[in-house]
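Residue numbers (this note's numbering), protein chains in the order written: chain C, 11 to 311; chain Z, 296 to 551.
A hint or two may mislead.
To be verified - Derived DSSO-like pairs: lysine-lysine, alpha-carbon spacing no greater than 30 Å straight-line:
id	chain 1	residue 1	chain 2	residue 2
1	C	267	C	72
2	C	99	Z	428
3	C	165	Z	323
4	Z	323	C	99
5	Z	540	C	165
6	C	99	C	126
Bear in mind the hints are in silico, worked out from the structure with no lab data behind them. As the structure is a computational prediction, the values presented were derived from the model and not from experiment.
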Amino acid sequence: MLSLNENDTLDENEIGEVEPLIAEIDEAVDAPDRMRPAIEFRDVYLSFDDKVILDGVSFTVKKGQTKIVLGRSGSGKSTIIRMILGLLKPDAGQILVDGEEITGYSEPDMMSVRQKIGMVFQEGALFDSLPVYDNVAYRLIEQGVPEDEVDIEVKRMLRFVDLEEAIEKMPSELSGGMRRRVGIARALVGDPQIVLFDEPTAGLDPPTARTICELAIKLRDLQDVSSIFVTHEMNNLRYLSSEYATVNDEGQVVYEKEGEKLCLINTEIMMIRDGEIIFSGKDEELQRNKDPYIRRFIHGT
Amino acid sequence: MHSLLRFLSELQDVSLLLWQAFLSLWSKPRYLGETIRQMDYVGVGSLPIVLLTGFFTGAVLLLQTFETFQYYSMQNESGRLVATSLIRELGPVLSALMVSGRIGSAIAAELGSMVVSQQIDAMRALGTDPIRKLVVPRIVALVVMLPLLTVAADIFGLIGGGVVASFMYNQETSVYTYSVRTGISTSDLLGGIIKPIFFGLIIGSIACHKGLNTSGGTVGVGRSVTNAVVISSIWVIIFDFFLSKLLQYILDIGRL
Numbered sequence: 011m012l013s014l015n016e017n018d019t020l021d022e023n024e025i026g027e028v029e030p031l032i033a034e035i036d037e038a039v040d041a042p043d044r045m046r047p048a049i050e051f052r053d054v055y056l057s058f059d060d061k062v063i064l065d066g067v068s069f070t071v072k073k074g075q076t077k078i079v080l081g082r083s084g085s086g087k088s089t090i091i092r093m094i095l096g097l098l099k100p101d102a103g104q105i106l107v108d109g110e111e112i113t114g115y116s117e118p119d120m121m122s123v124r125q126k127i128g129m130v131f132q133e134g135a136l137f138d139s140l141p142v143y144d145n146v147a148y149r150l151i152e153q154g155v156p157e158d159e160v161d162i163e164v165k166r167m168l169r170f171v172d173l174e175e176a177i178e179k180m181p182s183e184l185s186g187g188m189r190r191r192v193g194i195a196r197a198l199v200g201d202p203q204i205v206l207f208d209e210p211t212a213g214l215d216p217p218t219a220r221t222i223c224e225l226a227i228k229l230r231d232l233q234d235v236s237s238i239f240v241t242h243e244m245n246n247l248r249y250l251s252s253e254y255a256t257v258n259d260e261g262q263v264v265y266e267k268e269g270e271k272l273c274l275i276n277t278e279i280m281m282i283r284d285g286e287i288i289f290s291g292k293d294e295e296l297q298r299n300k301d302p303y304i305r306r307f308i309h310g311t
Numbered sequence: 296m297h298s299l300l301r302f303l304s305e306l307q308d309v310s311l312l313l314w315q316a317f318l319s320l321w322s323k324p325r326y327l328g329e330t331i332r333q334m335d336y337v338g339v340g341s342l343p344i345v346l347l348t349g350f351f352t353g354a355v356l357l358l359q360t361f362e363t364f365q366y367y368s369m370q371n372e373s374g375r376l377v378a379t380s381l382i383r384e385l386g387p388v389l390s391a392l393m394v395s396g397r398i399g400s401a402i403a404a405e406l407g408s409m410v411v412s413q414q415i416d417a418m419r420a421l422g423t424d425p426i427r428k429l430v431v432p433r434i435v436a437l438v439v440m441l442p443l444l445t446v447a448a449d450i451f452g453l454i455g456g457g458v459v460a461s462f463m464y465n466q467e468t469s470v471y472t473y474s475v476r477t478g479i480s481t482s483d484l485l486g487g488i489i490k491p492i493f494f495g496l497i498i499g500s501i502a503c504h505k506g507l508n509t510s511g512g513t514v515g516v517g518r519s520v521t522n523a524v525v526i527s528s529i530w531v532i533i534f535d536f537f538l539s540k541l542l543q544y545i546l547d548i549g550r551l
């Protein structure tokens, strides 16, 4: 992410310092590893009985990019992330995760792919019988990580979602927003480079929904995580496509609006209708789009 | 779908689930702690209802038959009837039906709720195989604990019969116990332990299958629970007939 103010002027010495920096950034952006998409769908089809769920869907999510998937309930948007995790298999087409084709993978093969992915479910999907600590630690405990390392990681993740005080609570004692945040902490354990959000703000009040979006922004801008954010709420779209996270001089994470200092290039929007992609591009293009369905969707009329 | 096709499809799914569970037994990870927890829940938790069922079944068997035996002057053989019926048939079947009601319903409800609240998906997303983590411990617990519960039900049934014989018909305890001992053969005992192993497999696999295939929200969970109990109970009774015939053939049970 480049952060140069348009009004700033640089003297010769400063230009000399900035040039190698830009070269380093270009090199990093063009590195072969970064050029490989984090997620790629190639002409994917899926149907249940006679109902077509996905009809030739193709898209890519680049490294460090957030793809916001919009669509009405039942349009097939959640199906996409279930397929990335291998919870559903396509009838035709290819799905690649971090360059690895997973389409024909069996359940045991998928286990190693799933280690790279964090998934945030709609209602949190916390394990009711386990306290918050064990929920967040679940993946590490299953991998047999030593207890003291698990402890450090769980506390770090709960600090990230600002829920350290809930460590001993049971899921039934948490509010809806807290459950989602614990779900995010659980998904982020092990620092996955791909995070999938399945309507994480559904049914939440606006301030809590904002908190969830801030966590997604923080992951995108400060941790270079690639993500798919499935939603049908336009507020989420506004936050994710117009704000970015940065760290101020005091070391605190702050959220700033794009435009003054930089233009967000790591967020794209994709709209699905009846299993087909009807829009793909930036938020400005979405706002300018003349398609009556898209206009009705984004303006809620 | 045609009901026969639906039945065959279900049978195939349950068989596949059992096969996958069987294969999971031979490789890591194994969830021993979860298996022991399930054994405690299935075994210790079901003990009171199974003991009560056994006791009163034995008691009512003697109550209903003693006078008929007396009519033929064979009252000293009444313990034989209680022992044979309980150990060969009623102990295994009634214990299985009680466990199907208590544990089959609990398994279907728990797994069904986990499905509708996406906890099973979350488990898979976090790299855990739900068959290893949830299905195997439950089936193993049922297969190990149901025979033990059956033995306990048999013993309490025999005690129940003895109590009725002694207190209601003033039969000497030694007469009753002698008649019980002569009524039981090693083959009977063996058959009475082999049957619940298969009943445990039936209850566990049907309840897990119904739970894991729940759809339609909380209503779906209710439907899965009902189906799990009804179908596993029916299969226990149907399977009991064929298993009895097979055991008669293999162990030579029932020949005088």
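Going through the hints against the structure:
At roughly 22 Å between alpha-carbon atoms, residue 267 (chain C) and residue 72 (chain C) fall within 30 Å of each other, so this suggested pair holds. At roughly 22 Å between alpha-carbon atoms, residue 99 (chain C) and residue 428 (chain Z) fall within 30 Å of each other, so this suggested pair holds. Among the hinted pairs, residue 165 (chain C) with residue 323 (chain Z) is consistent with the structure: their alpha-carbon atoms are about 29 Å apart, no more than 30 Å. Distance hint between residue 323 (chain Z) and residue 99 (chain C) is fulfilled; the C-alpha atoms sit about 26 Å from each other, no more than 30 Å.
Taken as a hint, the residue 540 (chain Z) and residue 165 (chain C) pair is broken in the structure, with Cα atoms around 60 Å apart against an allowance of 30 Å. At most 30 Å may separate the alpha-carbon atoms for a hinted pair to count; residue 99 (chain C) and residue 126 (chain C) meet this at roughly 18 Å.
Comparing the model with each numbered hint stated earlier shows that hint 5 is the single one that does not hold.
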